[in-house]
Amino acid sequence: MGIPRNGPWLKWLMGGVAAGVVLMGVLAYAMTTTDQRPFCASCHIMQEAAVTQKMGTHANLSCNDCHAPHNLLVKLPFKAKEGLRDVVGNIMGHDIPRPLSLHTRDVVNANCKACHAQTNINVASMDAKPYCVDCHRGVAHMRMKPISTRTVAYE
Numbered sequence: 002m003g004i005p006r007n008g009p010w011l012k013w014l015m016g017g018v019a020a021g022v023v024l025m026g027v028l029a030y031a032m033t034t035t036d037q038r039p040f041c042a043s044c045h046i047m048q049e050a051a052v053t054q055k056m057g058t059h060a061n062l063s064c065n066d067c068h069a070p071h072n073l074l075v076k077l078p079f080k081a082k083e084g085l086r087d088v089v090g091n092i093m094g095h096d097i098p099r100p101l102s103l104h105t106r107d108v109v110n111a112n113c114k115a116c117h118a119q120t121n122i123n124v125a126s127m128d129a130k131p132y133c134v135d136c137h138r139g140v141a142h143m144r145m146k147p148i149s150t151r152t153v154a155y156e
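If you use the numbering used here, the sequence shown corresponds to residues 2 to 156, in order.
To be clear, the hints were calculated from the coordinates, so they are not data collected in a lab.
Please note that the accuracy of each hint is not assured.
Using C-beta positions, here's what the derived DEER-type ranges look like [to be verified]:
#1 Val88 x Gly8: 41 to 51 Å
#2 Trp10 x Val89: 37 to 47 Å
#3 Asp107 x Trp13: 17 to 27 Å
Built from N, CA and C at the ideal position, the CB exists for glycine as well.
Produce the complete structure using the sequences and hints provided.
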């Protein structure tokens, strides 16, 4: 006597698999959507950053391509913590903390170095300062100039 092929357990199993696939799709969509500039710009504390990033040399990247770890197991708790901090800041009417927290600054720096690894081979002063933004402060968001005078070429 074997396991019945038409039993209710098979319907439960198939229903569970289908629900799991749908849940994974929803989570992947949510993760991708919350990485993008329009989502980030929906909070008033991020509007200037979104506008200046859209005008910058990295306009084709999502916010979290630079501002979050790329390893999913590290990215999830990081995004939860930083997202909560941003929501609280938005509710309280705070501005984006400047400079970024050391942990966030380390993540951004690691992402700069990872994306620009080939370019960095030819840079003699890579070890002179700890962070890429120490020399390239205005690249991503052009913060050193008033919005009315910023151009994409400003670095």
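Kindly confirm whether 17 to 27 Å is satisfied by the beta carbon distance between aspartate 107 and tryptophan 13. violated, 46 Å
So does valine 88 sit 41 to 51 Å from glycine 8, Cβ to Cβ? holds, 47 Å
Between tryptophan 10 and valine 89, does the beta-carbon spacing fit 37 to 47 Å? Hint holds: Cβ distance 46 Å, inside 37 to 47 Å.
Checked against the numbered hints listed earlier, the structure breaks hint 3 alone; every other hint is satisfied.
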